[in-house]
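Visitor: Listed below, chain by chain, are the residues.
Number of protein chains: 4
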Amino acid sequence: MKHIEINGVLTVDQLIQQFQGAGSFGAGRLARACTVYEKMLRDKECTVFLALSGAVIPAGLRSIVINLIRSKLVDVIVSTGASIVHDAIEAINGHHYKGSWIADDDELFRYHIFRIYDVFVPEEDYVRLDYKFSEMYCRIAEEKKGESLSSNEFAWELGKRLKNSNSILRAAYEEEVPIFIPALRDSEFGYVHLLHSSQRNSKDSLKVDAFKDVSTICNIFKKSPKNGMIVIGGGVPRNTVQSAAIASSKGIDYAIVITMDRPEAGGLSGSTLKESVSWGKVKSEADKTMVIGDALVIFPIIVASVIERLGKGFTRKAHLKNAKMKV
Amino acid sequence: MKHIEINGVLTVDQLIQQFQGAGSFGAGRLARACTVYEKMLRDKECTVFLALSGAVIPAGLRSIVINLIRSKLVDVIVSTGASIVHDAIEAINGHHYKGSWIADDDELFRYHIFRIYDVFVPEEDYVRLDYKFSEMYCRIAEEKKGESLSSNEFAWELGKRLKNSNSILRAAYEEEVPIFIPALRDSEFGYVHLLHSSQRNSKDSLKVDAFKDVSTICNIFKKSPKNGMIVIGGGVPRNTVQSAAIASSKGIDYAIVITMDRPEAGGLSGSTLKESVSWGKVKSEADKTMVIGDALVIFPIIVASVIERLGKGFTRKAHLKNAKMKV
Amino acid sequence: MKHIEINGVLTVDQLIQQFQGAGSFGAGRLARACTVYEKMLRDKECTVFLALSGAVIPAGLRSIVINLIRSKLVDVIVSTGASIVHDAIEAINGHHYKGSWIADDDELFRYHIFRIYDVFVPEEDYVRLDYKFSEMYCRIAEEKKGESLSSNEFAWELGKRLKNSNSILRAAYEEEVPIFIPALRDSEFGYVHLLHSSQRNSKDSLKVDAFKDVSTICNIFKKSPKNGMIVIGGGVPRNTVQSAAIASSKGIDYAIVITMDRPEAGGLSGSTLKESVSWGKVKSEADKTMVIGDALVIFPIIVASVIERLGKGFTRKAHLKNAKMKV
Amino acid sequence: MKHIEINGVLTVDQLIQQFQGAGSFGAGRLARACTVYEKMLRDKECTVFLALSGAVIPAGLRSIVINLIRSKLVDVIVSTGASIVHDAIEAINGHHYKGSWIADDDELFRYHIFRIYDVFVPEEDYVRLDYKFSEMYCRIAEEKKGESLSSNEFAWELGKRLKNSNSILRAAYEEEVPIFIPALRDSEFGYVHLLHSSQRNSKDSLKVDAFKDVSTICNIFKKSPKNGMIVIGGGVPRNTVQSAAIASSKGIDYAIVITMDRPEAGGLSGSTLKESVSWGKVKSEADKTMVIGDALVIFPIIVASVIERLGKGFTRKAHLKNAKMKV
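Residue numbers (this note's numbering), protein chains in the order written: chain A, -7 to 319; chain B, -7 to 319; chain C, -7 to 319; chain D, -7 to 319.
Hints in this document: simulated from the structure, not taken from any laboratory.
The structure displayed is predicted, hence computed values, not measured ones.
Mixed in with the good hints, there may be bad ones.
[To be verified] No more than 30 Å apart at the CA atoms, straight line, and that leaves these computed lysine-lysine pairs for DSSO-like:
(1) C:Lys(-6) x A:Lys266
(2) D:Lys214 x C:Lys195
(3) C:Lys195 x C:Lys64
(4) C:Lys124 x D:Lys214
(5) A:Lys195 x B:Lys136
(6) D:Lys275 x A:Lys90
(7) B:Lys(-6) x C:Lys90
Please take these sequences and the hints and turn them into a complete structure.
Guide: Next comes the structure, spelled out in structure tokens:
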């Protein structure tokens, strides 16, 4: 074991190399995560799934995710509804503000400011979203004429209609990166639907099918020779990716989980990747690691380290291009 | 502050009374949680929502939830798909077994045994579920003739077809307790649908609408003079209940959250109930508390303490009866 | 696996029996902890060490610990200085008050009220302690005439001089239960010594030897056929007990650890009992378990359950009587 | 709020600047910690205390701490015994090895290999320490002729006798950085004393006074116009620094705590810095932050960021030089 040495200015990856030399505790896990992500990207057969939960998008990861999509460093996104809602809020010029966790929540309530730990969002940004998006729902419904969408088709329909190219929804649409939102209704997108369907008779309202995206994500797994997973948080997005692995009889080949959750209480979010092996969700021989920490700190470090390793010349083909539209 | 005294045999509630006297740390929070649940139940205007996440159902809480439904001590359930899947597995004579968290997961994989921390489930129980339920899906689809169900209608359709009265699905159906499953596809129910729809042309397959349950849960909130929430874990079920509170402009009046998650990483599961006040999800003056602990320990203690307080004579009217079928 | 059933009033141990039937997650660990403590007490060859850290004494566990000493259900205490300081504060009529964790700490500072999460202690109680105890130090110093005490001798000297029989220090002195305080100076006892030694020339001031208690605790381990450990929290008290096990070449036979700490960050407090086996601190075949939870909730449950199991007739001989005075 | 941008190779501090722009969750706290440490170092009136607990020294932080001492970027160290023991083991050519947390601890026990999560230490390195250091104790005892040492004098006596300049003990001795070890006996240093005193009559054995370092650390606080604290972990080292602040009536001016502990269970290690304000341990207006994370990841990032900010030209005077020897 080599102790970490800091004797002057270090790039992020130089620090990670020091962590790898030590190889212990969280530093060892973090260094390993960088290696696993690098391997996923250099493996030409691997499709990279990014599972997003928690409130990291409004808190600072939005641009990183957009860049990963644009640079083709992720192939598929599986997300909570809320993460995409927060992207959408900024896409239509809403904002998230630096706040404080020691806040008078009664006062915030009176001033119509919503708190996400130390991030503030004005209610009016949600209201603008409601109106703009309920209109968008109408236009999609008209175009689809009663056809039910899957959650990923829904996401692209939104992306198609957003003009702001600096958004996850738009970038994913343009780069043909599927966004699965398995619990779509559990977010402002659900309330927008309520608003939308109150304005028209229910027959004409936008339809999203609860099950339709299952076969799509399973087909991606099946067609892809190898599959890699990066989980931020856990919850439904982690479970959806892992379940697609079983359902398509393809264990995951590379896996990174970044979480603060612990295994002892039994929930999936904190479950170890070793446990996932018993199910066949993750292969026994997979390159895998779990980093215990705040994803808003850990994930940018991994991305910065890997981008440094790949260098400017590196390019990666859009993995699902051609293939994916027909899945 | 009075120190906890244990001088002989204590009932669960007698111990909780000691915790209340001390009033500190987790003991204070747990004692308060018992009081909040008791108040919810004695308040004749209050509808009680139970939000279920994590793996507590296969690990031991299944009977407690069934009893709460049968005794009319919960009015609405909001659950992950997996929790209901585990109920269904036992309803058709599958089993969960005591295992160990120090297990050879490669070996478990070879023997087709799935591990949930220290609970084991044989794969064959899932396989039986797949076949029995895909058949059930067919029968529901035939009956519904193309109509799309909401997640709660879907849950009752399953309950109606299960014979085993000792199950959450059946009990909820019989007692007319709605079960919302906002991320329905993120569970074996999603895979079952894949199987089911592979057997018939997609036009005839069972349809569940992703948004249809939104108005139903919002209407329950609106019609109910007061609303109480008990959260086990967090995730989508907690968010769904809290979002319904906003969407119906009714802040929650009583709230208990049992979780191991922490607020600092920003995710909803660990967010404080004080933070929820800024959104209007929970009323500022609500009776509320968050218990940091393993729900498999904490929730049975709360239930035992409250049942002891209520006594044998206590009865509670099924809160949504008559009202709910039309929501 | 049997699901937990609650069908009426349950005693604490009846609930624990239900947890044992389920055997999963935290409920399984808690049930096991009760069994391990029961075994320790029924095993006539076992010396029971209680390691105390955190702020559980001021928060509500003080009476329980006093009762355990009086009932001879613990044989040795290893504690932080602070836990014993809080006992001493109450022994001279100071108080701890129910407070709130949402407090204005600037205001508390101005009003000379110290906050321990949601417990308040007035500064004046510390001041009274300072004066009373610095006097006591003088009297002990005079009696000892330059002899250096060990931390456990120091604790008994205090206990001898306290009149309040309702205190840990007094009870331990009367029942001849050694109290080891390995980091004695790291508490108000350190400041009291500063005050005391400022009043007299340093030659005459009370001397405590930093190492003198090492051989004493090791001798207890050596002489005792079997050794059991109950850890609340972790830190120095857990390490001291475990180190004594190695130093005396006697692995621990029964072990319970109650903590919120996790193993991944590498610290001893969160380290697993399995890890302790590699060192020889805990025997491989030891009856052992780690309960992840708030000790103010978990420990009283264990004590209540075990007292119920033992019944009224149970008596246990003071284990170290005769032996210990000469160690 | 500005989202984190990663568009190419970033130095560690460039990434931290991005975190500062976002300012949320752990990223905001980490960025703030870098600023607070930078301020401590640029403030010519500030004495910097580093409180060390957990197993970070054997796991990889040893060289960083040595460099901080050599570069005069810390002025005082307060440590657990174990951290210094691990430094000493390497100083006499012992080693820590990369291991695995999934290890067969029975086998490790048979092969005399001690496990610290995923770090392995051979027992023989401890045995060598025992013999070398018990000899050293003899020589110190002979030189001191019955005089009792304080823990910090003891640490320097060891440093004086170690030849390996690449060690914390030696560097601290040479740079006149005091090392306080408040729970000295709670480590292999305690067992070494047992060995040492078994070889000679107790009158001639090395004496360390349990209280003697209290006035020394308090005097440093008093003489220093300002005081800054960096805590790794918590436990006795954090408490010792904070208690010295009260005892010397000087609240801490700058504070960083890196921990995985949470406040809700009431222990000091997880207590907020806001709580510390109520005691007067930390000033209300202090620059302060708590970073929730694995110190082996977080602390090197802070150090790398601050070293980058300070630049090559930066020098800092040994703060306690002249002053400290007489304290």
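Visitor: All the hints need checking, so say for each whether the structure fits it.
Guide: Quick rundown of the hints versus the structure:
1. C:Lys(-6) x A:Lys266: holds, 26 Å
2. D:Lys214 x C:Lys195: holds, 24 Å
3. C:Lys195 x C:Lys64: Answer violated: Lys195 of chain C to Lys64 of chain C is near 39 Å, above 30 Å.
4. C:Lys124 x D:Lys214: holds, 25 Å
5. A:Lys195 x B:Lys136: Answer holds: Lys195 of chain A to Lys136 of chain B is near 16 Å, not above 30 Å.
6. D:Lys275 x A:Lys90: Roughly 24 Å between the alpha carbons, so the hint for Lys275 of chain D and Lys90 of chain A holds.
7. B:Lys(-6) x C:Lys90: holds, 9 Å
In this structure, the one hint that does not hold is number 3.
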